Structure formats: C-alpha cells, structure tokens
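**Student:** The primary structure of each chain is shown beneath.
2 protein chains.
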Amino acid sequence: MDDNENDLQSIGEAELIKRITKSFKNKNKSTVIDIGDDAALLKFNKTNITISQDILVEGVHFDLSYVPLKHLGYKSVVVNISDIISMNVKPSHILVSIAVSNRFRIKALEELYEGIKLACSYYNVDLIGGDTTSSNTGLMVSVTCIGNTESKKITERSGAEEGDLLVVSGDLGSAYMGLQVLEREKKVFEVNPNSQPDLNNYTYCIQRQLKPEARVDIINHLEELKITPTSMIDISDGLSSEINHLSNSSSISFHIYEDNIPISEETKKVCDEFKLSHSVAYLNGGEDYELLFTVSKRHEKKINDSEFLTVIGSCVKKKDDNCMITSLGQKININSSGWDSFNKKD
Amino acid sequence: MDDNENDLQSIGEAELIKRITKSFKNKNKSTVIDIGDDAALLKFNKTNITISQDILVEGVHFDLSYVPLKHLGYKSVVVNISDIISMNVKPSHILVSIAVSNRFRIKALEELYEGIKLACSYYNVDLIGGDTTSSNTGLMVSVTCIGNTESKKITERSGAEEGDLLVVSGDLGSAYMGLQVLEREKKVFEVNPNSQPDLNNYTYCIQRQLKPEARVDIINHLEELKITPTSMIDISDGLSSEINHLSNSSSISFHIYEDNIPISEETKKVCDEFKLSHSVAYLNGGEDYELLFTVSKRHEKKINDSEFLTVIGSCVKKKDDNCMITSLGQKININSSGWDSFNKKD
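From first to last, the protein sequence lines are chains A and B.
Just so it is clear: in the first sequence, position 142 is 142 by this note's numbering, and no numbers are missing.
Just so it is clear: in the second sequence, position 21 is 21 by this note's numbering, and no numbers are missing.
A couple of the hints might just be wrong.
Note: identical chains are not told apart, hence a pair may lie in one copy or across any two.
Think about it this way: if two alpha-carbon atoms lie no more than 27 Å apart in a straight line, the pair counts; the simulated DSS-like pairs of lysine-lysine are [stated by the list, open to error]:
| id | residue 1 | residue 2 |
| --- | --- | --- |
| 1 | K153 | K46 |
| 2 | K211 | K90 |
| 3 | K186 | K43 |
| 4 | K18 | K297 |
| 5 | K318 | K297 |
| 6 | K211 | K22 |
| 7 | K107 | K25 |
| 8 | K46 | K27 |
| 9 | K43 | K29 |
| 10 | K107 | K27 |
Simulated from the structure, these hints should not be mistaken for laboratory data.
Since we're looking at a predicted model, the values are computed, not measured.
From just these sequences and the hints, can you work out the full model?
**Tutor:** Below is the structure:
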C-alpha cells in the first residue's frame, strides 16, 4: 500500500467512516437507520426516535477571534437540530458535552450556555444532559440531538425517484461569504488593531455565518402544503456535496439549473467584491443549513407558489452524471467538493 | 467578585454544571430526568429511553503512550454503557464522534474502531451514528449511549431511604492502582527506552485500568434475585465522590465500614508497594465502573449470599455526615474528593 493511502488527508470523511465502520453489525430490532443518513432512526412501538451527534472543534469549525461564545452556543445547537429536521422530524432534546481549557473563565462558559439556552428556547428543545471536562488546548463542543414522532412521514436521503423535482429552501452561499468577510476583517485587525470595520454592507452574510437557523418552519410549511418530500438533506457542506449524497443514497442523478439557484443580492455583491464566482459560494460553501429535498412533480404548482421554496432541478436516471446547466446551456459536472474538515481548502 | 472565583479551577465540575445550566427550563412532557443523574430519562408512551453522553480527551482522560487505541475504543464505550446500566437499564445503541489530528494514520483509527466494535458486540449495542472530524491537537472521543426499557424499575440516585443497606459490586481501587503502575512504567521508559517492564504482578490492576467492564451482569443478577435497588450510581470518580452524589440526591447520609470494603489482594499489595493507604485507592481513585447502590434491609440475606455483592454500609439520617468507620472504630468524614478533570491531583 502506498504510504500516502494511510494518511487521513488522502481520503475524505465519508470514505473514512465507511472504512472504519464497515464490519459493524446491528443486533437490535429497534435500529431502523444507522450510519449514513443525517440522523439515525430507532423505532420503539409507535414512537420513532431520530438522533444525531456532531462535534465542533476550535480552530477547525470556529475561530473565537471573531465568533462570540454566545453565537457559538446557539450555532452548535442549530447545526444538530438541522440534522433532525432534515429527516422531517421536529427536535425535542439535546445533550451538550464540552471540553475546555483552563484559559476560559466561568463567565465565558456562561456566555456559551446563554447561546445554547436561547436556541433551546427558540426551538422548544430540552437540555437533558452532557459532560463537562477540561482539555489541554481550546474548546470542543459535542452535541447530541433527539427528535421524536409517531408520524410515518420520516424522510431519508434515499427516496428520490426519476422525474422528481429538486427543491431548496431560502437562499444559498451567504454563510460562506459571511465567513470570507470575517476572515478578511480578522487579517485587517491583525495588521491594525485600531481599525474600525464598517460591516453594514455585509449584515445578512455575517448573520447567516454567525447565527444560522434550522428550517423547522419549512417542515411545518410542507406539512401545511400536504407535501412529504421523497428525500431530504440539510445543506451543511455546500450544495454539490449534498446533491452527491442524495444521488448516491437514492441511486439517481440530478440536473440543476444555474439560473434557478436562489442567491441574495447582498451575497452576489460580496462575491463580486471578492472576485469569486457565485457558484463557488453556493456549490462548495456550506453552512447555510437550508433544506434540499425532492418532491413528486405533481406538487410543482404548490412549490412554485411558495415564497420560501425554489425548484432548482430535477431527478434523472443514474447513468447520467450530476450536473449543472449554466445560463449559456453548458453542462458542468458537479463533483462533491464540499467542505471536509480533513481537507481544508482555506 | 474575587478574580479567582472566575477561574474554572476554583470550582468543581458539579458546581460549574449547576451554574451554567440553572436557568434552563424544560418544555417537553417526555422529559422525565434531565441533568443531574447518570443518564437522562425520556418517556414516550410505554417506552423509557435513558441517554448519556461523555467526552474523553487525550492528555486528560487517557495517555496514548501506554493506552493502546483498541483498548481506548473499548473503554470509551464501556464508560458510557456504565452510566445507562447504573439506571438499571440495558444499553442498546451508541453514537461515537471523534476529533482527530492529522498525526493519526487511518490504521490507528481502524484500531480504535476495532475496540469500539468489540464492546458493541460484547454488550449487544448497535453503533448508529456520530461524527468524524479533524482537530488541531490530539484525539477526542465523544460517545452517546442509549438504553430502552418498558420496565418501571428504573433506578435513580434519589431513592435511598434511612435504614437501607449500601452495597457495592466487585472490588474497588484496582483501576487506580493500575494507572499508578502504568504512569511509573512510562517514567522508567522515558529515562531508559530499552527497559523491559515485568508487569506480571500487576495484571489485574492494569486490566481494570485499560479494559474495564460495565456491570450489566449485576443488573441481570439483581433481576434474578428480585431486587430493585432504591438508588444506584456507577463508580467512575471514586467511592467518596459517588457516596456524596447519592447522599445529596437522596437527602440521606451514609456510614460505611472500612473492614467491609472489597479490595483484591493484588490491589492491596500494589498500594503497599506504592506506600499508598488502601483508602486512597478506593475512596478517591475511580474508574472501577462497579455499581454502588442501596437496597431495602429485607434483602440483606440475598445480598450476603451473593458472591458478586458486598454490603459496605447503611443509610442514616441526613443530619449526620457521610463517614467511614475504621477498623479501630474511628469515624472519618468522607468529603467528595473524587477525580475532577478541572482539578487534577496527579
């Protein structure tokens, strides 16, 4: 074996997970979905329990030089809630574990938990446990989120069918551009600590980066519209990565239309200022926590009439590649180059 | 406020958790037990779900210079399973998240998951999810464990009553002495990397440190004996710390008898070799993962007849302090000086 093949950097997170968990065998009949979807699914009598766990690491997932601890607490809950919501289930409980170095003061942890409390309150989620320990360096936050439902309308990544429409909530690319602005301001500050940044032109992008929301309103909206998606995922690592996940799980391919991708005016302006193609922001950026899902074509009118949803493409036979049709009619292959913590691009 | 009072080191983990979570309010009627027991308890129709989450940090909870990764994987599952068992519930599912620096090779993570798989297989637990991400330094493992039961015999920390017997499974202090041996060998190795340690006299203690087991056999045994404990906790931070937890939760005090504490012959010998009082090992040591519980006095004969269980004391009125009666009849106050990651003593 080539020595490089033994490096964590040589394989992505998905491949790593596949390798280290391939020989595990389930023994409990309550286990319905294990590794490989946004959340696991357990079934006890009538009750379906969805459960997911994430870990956020200082210096990898967040930079405390511009992320306030209260925002970090809020966001660390939101990213987990989003995984439960993307199964079409409402979150109900969380456990939060932190490992924290002695350089933090109690006051700092109170700020972090203030943000966690705000998210719990906003999303009607109870904090039921966790662990608090020291670390030698920095801060780590691990959150487990649980949702429960008696409904059978649980949506996996695997149900998309040929002819279905591909739909996205909200708009894309703003959280990534917010990150670019914050990173730039950090560099300016390092050179001139007295600089007073004027961030008025970036408020939407920065808010989307620092205080994202999980789209529980969208699953309520879909319920009102009597639409059950055939497959669903949340956009945490960028549109191209999530499209590839749905594609692999559903054994289907996707064509998306560049002109249909919803992008805010501010995001477009910030892309232009940074001389970045809009497509880099929405295809590879991530952290928007919007919902990406497929629905039967018969719901087309209802989706088009909704101010919160946009049809961005359709499901085609698997033999075709996932691709984006540009404004000029060109077909561009979409490969999965979303954010991967083992292969940081920036 | 005194500046010191703002330090994490100035307050213990329990006080920190109390401070940062005191203003959280539950909103879901499924929440039965939240923060403050070994595991949280949720109730959905007939099904009771217990759930706990721990985080293990390199350099704080384990030292990879003498802990093989396979053992670490096994132990990180066991310590969580033990929290579920101490609620008198059998574990069924786990989620494992790791944050790992690029200095680790894929092969190393495969070893870690080999240990996790072994524990899953031994305890009939399914691995259903988690997260895998990079870290800037070292390895962190966060495990969430879930148990489920329709039984009403869930045992909390809070049910002990005056006159109940205090019982412990197995023997105590060995895991702590195993740690002392491993730490000593590490120092020897640092001075002379060619030394070949003879660890034959320490096999039991080292095994208890590196590959502890969660006492699922004890809850099966109690079921056979038709005994439901009135309160229960697992011994992760040392007997004195756990006694104080039961005491606070049950509003009761405990008298324990030094002569009754079960200690293995090897552990006694290792204590003597290290010139450590036996009581330091079992009162303050921790990591034995034995079960500490209270039962009604009417079960005294059944407990005394069991080869796995030892009565070590009894429950008295709260106004009395928790104390140990020595061989010479002296009363020694037991304060909670168990292991606290924010106040490492060694």
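**Student:** All the hints need checking, so say for each whether the structure fits it.
**Tutor:** Going down the list of hints, with the structure as the test:
1. When the C-alpha separation of K153 and K46 is checked against a cutoff of 27 Å, the pair qualifies both within a copy, at 13 Å, and between copies, at 22 Å.
2. For a Cα distance limit of 27 Å, the shortest separation of K211 from K90 inside one copy, 20 Å, qualifies, whereas the shortest one across copies, 39 Å, does not.
3. Proximity of K186 to K43 under the C-alpha cut-off of 27 Å is found in neither arrangement, the shortest distances being 47 Å within a copy and 47 Å between copies.
4. For the identical chains of this complex, K18 and K297 are neighbours neither inside a copy (33 Å) nor across copies (52 Å), given an alpha-carbon limit of 27 Å.
5. Taking the shortest Cα distances, K318 and K297 sit within 27 Å of each other inside one copy (18 Å), while across copies they are farther apart (68 Å).
6. Taking the shortest alpha-carbon separations for K211 and K22, only the inter-copy value of 24 Å comes in at or below 27 Å, while the best intra-copy value is 36 Å.
7. In this assembly of identical chains, K107 and K25 lie within 27 Å of each other by CA distance solely across copies; the values are 20 Å between and 44 Å within a copy.
8. In this assembly of identical chains, the alpha carbons of K46 and K27 lie at most 27 Å apart whether taken from the same copy (20 Å) or from different copies (22 Å).
9. Taking the closest pair of Cα atoms, K43 and K29 come within 27 Å of each other both inside a single copy (8 Å) and across two copies (19 Å).
10. For the identical chains of this complex, K107 and K27 are inter-copy neighbours only, at 26 Å across copies versus 45 Å inside a copy, given an alpha-carbon limit of 27 Å.
Hint compliance for this structure: hints 3, 4 are broken, all remaining hints hold.
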